[in-house]
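S.K.: Read off the chains here:
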Amino acid sequence: MRATVLVRPKPGILDPQGQAVESSLRHLGFEVGDARVGRLVDVELPTDDRDEARTQLERMCEQLLANPLIESYEIELAEAP
Amino acid sequence: MSERPLVPVVVFPGSNDDRDAARALERLGAEAPRVWHTDEGLPAGTAAVVLPGGFSYGDYLRCGAIARFSPIMRAVVAFARDGGLVLGICNGFQILTEAGLLPGALRPNASLSFVCRDVPLVVESAEAPFTSRCASGQELTIPVKHGDGCFFADDELLDELDAAGQIVLRYAAGTNPNGAIADVAGVQNADGNVFGLMPHPEHAVDPLLGSSDGALILGSLVDAARLSLAAAV
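From first to last, the protein sequence lines are chains A and B. Under our numbering, the residue at position 39 of the first sequence is numbered 39, and the numbers go up by one with no gaps. Under our numbering, the residue at position 232 of the second sequence is numbered 232, and the numbers go up by one with no gaps.
You can take every hint at face value.
What follows is a list of derived Cβ distance ranges for each label pair:
| # | chain 1 | residue 1 | chain 2 | residue 2 | range |
| --- | --- | --- | --- | --- | --- |
| 1 | B | S132 | A | L77 | 45 to 55 angstroms |
| 2 | B | L227 | A | L25 | 48 to 58 angstroms |
| 3 | A | E58 | B | A163 | 24 to 34 angstroms |
| 4 | A | T4 | B | G58 | 21 to 31 angstroms |
| 5 | A | T47 | B | S132 | 48 to 58 angstroms |
Read the hints as simulated data drawn from the structure, not as lab findings. Given the structure is predicted, the values throughout are model-derived calculations rather than measurements. Ideal Cβ positions, reconstructed from N, Cα and C, are used throughout, including at glycine.
Bound conformation, chain B alone (with noise of 0.2 angstroms):
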């Protein structure tokens, strides 16, 4: 069993939060190399992958809309139908709703306005792969920083993800800071294999950053590639 996961962390052009998440995966007891968008596929070996936020493509046509033709993507999605553990954090959100490889869609914010703070989140299910070291029903602080966070999913699709427990976290009731549907802020896939966020967890892993809630996340990552692997061999 590996000590340290593989978990490569995608660099889009654009992105600009993939070196803050490479370094708290680091910190966390990952191997985190960072892999270009024009590679065709994900190093050997790869645990989990990571997609950062940012500003890929510039935002053109939508968020998220351009990235996910590039190379790498293909193997990423290849990764995650396989059951290979994805996360999206803000434009790594974007773009995986935008691959199809999780539901709903973000919209600009309701105020229009860019929203950079510290915002309060409930973990709404703590089995996620991606929660296993919160409990349901847990108060993080992590930081959320975008304009186009607006988290839209119809009735329907609501109510399914809702009755699924796919909407693995939400803005804490009054926080809300981008008019997204029913507070969600992240949502994981049917499968609990890829999930996203919009929230930052890379920029909360040190209470000298205000907080230390983030690691709970990025370290339930790191422990469920951990186990992945463990599962490989």
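So here's chain A without its partners, still in its complex pose (with noise of 0.2 angstroms):
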């Protein structure tokens, strides 16, 4: 099954890589606010059962894909094809 971690910096947080990025964009002209970066991880996990597969990017993520400390993580599911 194939999973995405949506990984970003917490509320509060300051995010200098987005204020760059938000910067740039009202250069280009688009109006806009609070632009922040995060990171993104593609998995592929041997199973299909989607619990499980939960339980496990749960652990992957409070291992090492994020730092709780900073960072709050999002999990998603492929569809089922």
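Each of the two chains sits in its own frame; use the hints to bring them together as a complex.
M.R.: Set out below in structure tokens:
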């Protein structure tokens, strides 16, 4: 099963990358506010059991993919074909 | 009592300050062999461990996030949990926070620029084994060189660290090079045996380098390492 993990800086955490992106977008003439830059990790899991996949992914996030002090994460499982 | 305490410096793929750290420690009276990240254990008789600066594993994912899974880190964590002295410099500091041996996290500099310059630091606590050669309130000049040195702790953690005297070094008022919260430049763990700092004491151990103040930090570590050996005999 294919899954995607989205990792974001938590609200309130200074995100200079997001600020730089926002400022560049404004330079281009886009009306944007509060841009934040996170990270996306796609992984292939050797299971089709959605509950098991989610449990595994949560452990991956807690142990490596996100730093819980500064980042939040969201797990998206691919729709069954 | 050993004349020269054994203070190994760990080399990760991408470490680049290990030689300077080892050389500075040797000058200050330690024996400082470099040990490889795939080693399963620390050399027998290790009195303190140094995790040096650099860009371990290319800073992939988050600085220090991958290095903490190196085989040697299991030994370093066990050594620290037993009360062993561990110093992390720059990337070493990042690795120690990722490994959970030190509180807080290090984020990209607020300016998004890599900063490389001498910075004035204030010693907040000279009780620590890592600053015993300093006086509380003393100002030190030591260089920083990093892109991800913005220390972060939430309000609750910051209050806790402040109250417990775990904030050992701060950037002098108005000189914060990276946006670190509360000007934090170096923190220690609750037990006081693990210390991490963003500035590089190993690059400031001789007047020819612009400052000798780094020798006060590394010299304090060598003193503490010698004492820990004497206590163990």
